[in-house]
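K.L.:
Build out the structure end to end from the sequences listed, making use of the hints.
As they're listed, the protein sequences go chains A and B. With my numbering as the guide, the letters of the first sequence map in order to residues 1 to 229. With my numbering as the guide, the letters of the second sequence map in order to residues 1 to 49.
Misleading hints may appear alongside valid ones.
[Claimed, not checked] Calculated from the model, a selection of chain A residues having no Cβ within reach of chain B, i.e. all distances over 10 angstroms:
hint, residue
1, Gln-38
2, Arg-69
3, Lys-162
4, Ala-217
[Claimed, not checked] Derived lysine-lysine pairs resembling DSSO-like cross-links, with alpha carbons at most 30 angstroms apart:
hint, chain 1, residue 1, chain 2, residue 2
5, B, Lys-36, A, Lys-138
6, A, Lys-138, A, Lys-71
7, A, Lys-138, A, Lys-72
8, A, Lys-162, B, Lys-36
9, B, Lys-36, A, Lys-72
[As the list claims (entries may be wrong)] Here are the simulated distance ranges between beta carbons:
hint, chain 1, residue 1, chain 2, residue 2, range
10, A, Val-115, B, Val-22, 25 to 31 angstroms
11, B, Val-29, A, Leu-163, 41 to 47 angstroms
12, A, Leu-122, B, Val-29, 21 to 27 angstroms
13, B, Val-29, A, Val-115, 30 to 36 angstroms
In short, the hints are calculated from the structure, not lab data. Every residue gets a Cβ at the ideal spot worked out from N, C-alpha and C, and that includes glycine.
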Amino acid sequence: MTPTLFPLITLTTLVLLGIAQFFIFMVVPNEQVMGAVQRVFYFHVAAALACYAAFFVVFVASVSYLTSRNKKHDILSVAAGEVGFVLCTIVLITGMIWGHSAWNTWFRWEEPRLVTFLVLWLIFLSFTVLRNFGEPTKTAVHGSILGILGAASVPLVYLSIKLLPQSARLHPEVVEHGGLRDASYWQAFGISVVGMLLLCALLVWVRYRIGRAEDRARLSAREDMTYDA
Amino acid sequence: MTPDTFPSLFWSYTAVWAILAVYIVTLGVRLSRLEKRFSQIEDASDERK
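P.N.:
Written out as structure tokens, the structure reads:
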């Protein structure tokens, strides 16, 4: 990303997220059964899609690192995993607040989507802790395997709601069942998704640059130690 | 009658922006630490010269 492109994409992201917030709070009408809290849907689903995109990057970068041992791919996988984990946390917390308001429960252990998503969150919590607190050269291979395992569980999260009978479900399928009938719903949803995907890409890029710089600093420090010896 | 669920909506979006803000601040802290580290490395190499 060139120095001129970065501020442009940052500005576009902020404007899109601002417009999305305007639509969510001022334009879209209240849902009849759940009321205002249904408006959580727009950022909840957008953050979920962005975190799945980040985990896809983790998958590709981790496979690539294991086959090529290129350090850049490892740094990219760490960056995408960390940003994906942050977005995953947003999805989990907004989902719990929404669930408590709409269904009077913070979490239900019998609900497949909630449990599989919690497992995904725990995998990437472990990934983030391992990669941030472990020695980078020693944790790279194990981290890549954990990243692949975590990313591979994303289809399970998606399919969990479809494979089980209706009676076991609490989580709605709004888009798949044509739940967004008003045009403003689609506008708010589309802008939220694009804004969140851009935000995800920006954060991954910034975190990747920090990772590269940290790696350079480590190498320089090692060279200094060799020189002193 | 539609229930009044606005407080939950408010707390949800507060959580979204708070989590993002905390993450961006941690990135900023890491960046400033890196700047310090690089300036220390530069100082050390200047001393050697």
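K.L.:
Verify the CB-CB distance for Val-115 of chain A and Val-22 of chain B against the hinted window 25 to 31 angstroms.
P.N.:
holds (26 angstroms)
K.L.:
Check whether the Cα positions of Lys-138 of chain A and Lys-72 of chain A lie no farther apart than 30 angstroms.
P.N.:
holds (15 angstroms)
K.L.:
If I claimed the Cβ atoms of Leu-122 of chain A and Val-29 of chain B lie 21 to 27 angstroms apart, would that claim hold in this structure?
P.N.:
holds (25 angstroms)
K.L.:
Are Lys-138 of chain A and Lys-71 of chain A close enough, with their CA atoms no more than 30 angstroms apart?
P.N.:
Holds, at about 12 angstroms.
K.L.:
Quick one: work out the minimum CB distance from Lys-162 of chain A to chain B and report holds if it exceeds 10 angstroms, violated otherwise.
P.N.:
holds (26 angstroms)
K.L.:
For Val-29 of chain B and Val-115 of chain A, compare the CB-CB distance with the range 30 to 36 angstroms and indicate the outcome.
P.N.:
This hint holds: roughly 34 angstroms between Cβ atoms.
K.L.:
For Gln-38 of chain A, is the shortest CB-to-CB distance to chain B above 10 angstroms, so the non-interface label stands?
P.N.:
About 8 angstroms separates Gln-38 of chain A from the closest Cβ of chain B, which leaves it inside 10 angstroms; violated.
K.L.:
Confirm or reject the claim that Val-29 of chain B and Leu-163 of chain A have a C-beta distance inside 41 to 47 angstroms.
P.N.:
holds (43 angstroms)
K.L.:
When you look at the beta carbon of Ala-217 of chain A, is every beta carbon of chain B farther off than 10 angstroms?
P.N.:
Per Cβ check, Ala-217 of chain A is inside 10 angstroms of chain B; nearest 5 angstroms; violated.
K.L.:
When you check the alpha-carbon spacing of Lys-36 of chain B and Lys-72 of chain A, does it fall within 30 angstroms?
P.N.:
holds (23 angstroms)
K.L.:
Mind checking the alpha carbons of Lys-36 of chain B and Lys-138 of chain A for me, to see if they're no more than 30 angstroms apart?
P.N.:
holds (25 angstroms)
K.L.:
Far enough from chain B: is every CB of that chain over 10 angstroms from the CB of Arg-69 of chain A?
P.N.:
holds (25 angstroms)
Checked against the numbered hints above, the structure breaks hints 1, 4, 8 and satisfies the rest.
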